[in-house]
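J.: Next come the chains, spelled out residue by residue.
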Amino acid sequence: MTADTSRARRGSGRREKATDELSTVFPSVAPSAASARRFVAAALRRWGCPDDFIELVLLLTSELVTNAYRHARTETRVSVRLDDDCTRVEVRDVGRGEPELRPRDTDRVDGRGLQIVDALADRWGYHSNAGGTAVWFELVHRR
Amino acid sequence: MVSPGSDPPAGDDFRISIRDEAGTPTVVVEGEVDVATAPALRDELYRLIEQGSRQVVVDLSGMDFIDSTGLGVFVGALKRAREGGGGIELRGLKPSARKVFEITGLSSAFTIAS
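Chains as they are written, first to last, in our numbering: chain A, 15 to 157; chain B, 5 to 118.
Just chain B, same shape as in the assembly (with noise of 0.2 Å):
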């Protein structure tokens, strides 16, 4: 969490960047996922489901914050996967991301991986 004394202006610190593991392309999300980062990280995902990954792996352990915002990117962009018959798997959760997913009954349709 950042500091009060040195607060960035919002979005400053989020970012995203693609890592291939062995024809596998994982989404690495670095920051907070919201209403102002959601839509960049929403086109990521539907780029790379577009162009044929079926299995899509987003590595969140550098993901600080997600709210309800960030869940319906990953909920929007689990049915285009599973339309091709992929799916998505969540990887490095932070507890206070996993419990957002849990009391929102999500946790179960992802594959949610340590």
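With the rest of the complex left out, here is chain A (with noise of 0.2 Å):
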């Protein structure tokens, strides 16, 4: 894990909703996608979400920073949040190009992963601009 962690705690809304968030960077290597996992697990274990949820979670995390790796080849900032009602994993690179959702073909090699998030994810989406594209999804979270 690279020493650019941040965490924040806070309230926010009107009433009491207690929000987790923690952050980091990893390189632009096929590895990251592992290492991205493990981050992403110590979160939500520390958090004390089971573990078939944390599972779920994984899977969706290794799709979206495999497709950062693939195709922005640059470094990639993944967030991962967790408030009363859900949780949020978010990952961003500096590079240019939005996700594509590609239809089933069961004869390609390629082209699953926003397949496999579209199929699983309560929701996801992405944002982008100069500064480069972030894909998220949130999965309604059961503690």
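I should point out that these hints are in silico values taken from the structure, not numbers from a laboratory.
To give an idea of the interface, some chain A residues facing chain B are shown, with a C-beta separation under 7 Å as derived from the structure:
id, residue
1, A47
2, L73
3, I130
Values in this document were obtained by computation on a predicted structure and should not be read as measured data.
Using N, Cα and C, we set each Cβ at its ideal position, and we do this for glycine too.
If you follow the hints, you should be able to join the two separate chains into one complex; please do so.
T.: This is the structure:
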């Protein structure tokens, strides 16, 4: 894990709502997918999430980090946020390009990453600007 | 799954070995199959198919994780095996891995045994 780790705990909104957030940067190398999974797993375990929920978050995290590695080829900031309602993971690169959800095709060897995210996330999306592209997903949280 | 206190460097727990069962090679995959480890698995599967193995069995009972990059390896290998009139049988898939095959519509393409 890099030293560039930030953590915030704050109340937000009118009602009491605890939010935990951790974020760190991974280099543009293939093993970063596994490093990002370990980072997210450690955060969610510390926050008391159950194993099967963590497993799902790790799969989707792996897809987004792999997409950033394969397409943007830049370092990637992975943020994981937990609040009362859901877990949100965002993967931000500093490259250009938007994610593309491809139709199902059992013959293709690639292009299934976002299909998996689309099938399993409660919400997902992306925003892209001159500074890079951020792809995120949210899963309704079960503690 | 690996506990946060004892995280190994990425890829360290990934291992491929080959077992021969009455002439049918069985590829035993252990650890996590992702963008970093998939190339080694792909090379091994392609090598066996190119050596003339019509039916390749893959034992996945020790596979802790697979994402779409790993799926792509099996799809590519299946295509090659089918070109030679063969196929790929996946054994011992854990429920989480089986789910990944199912939601991508791939579980029917492979022979999946428990």
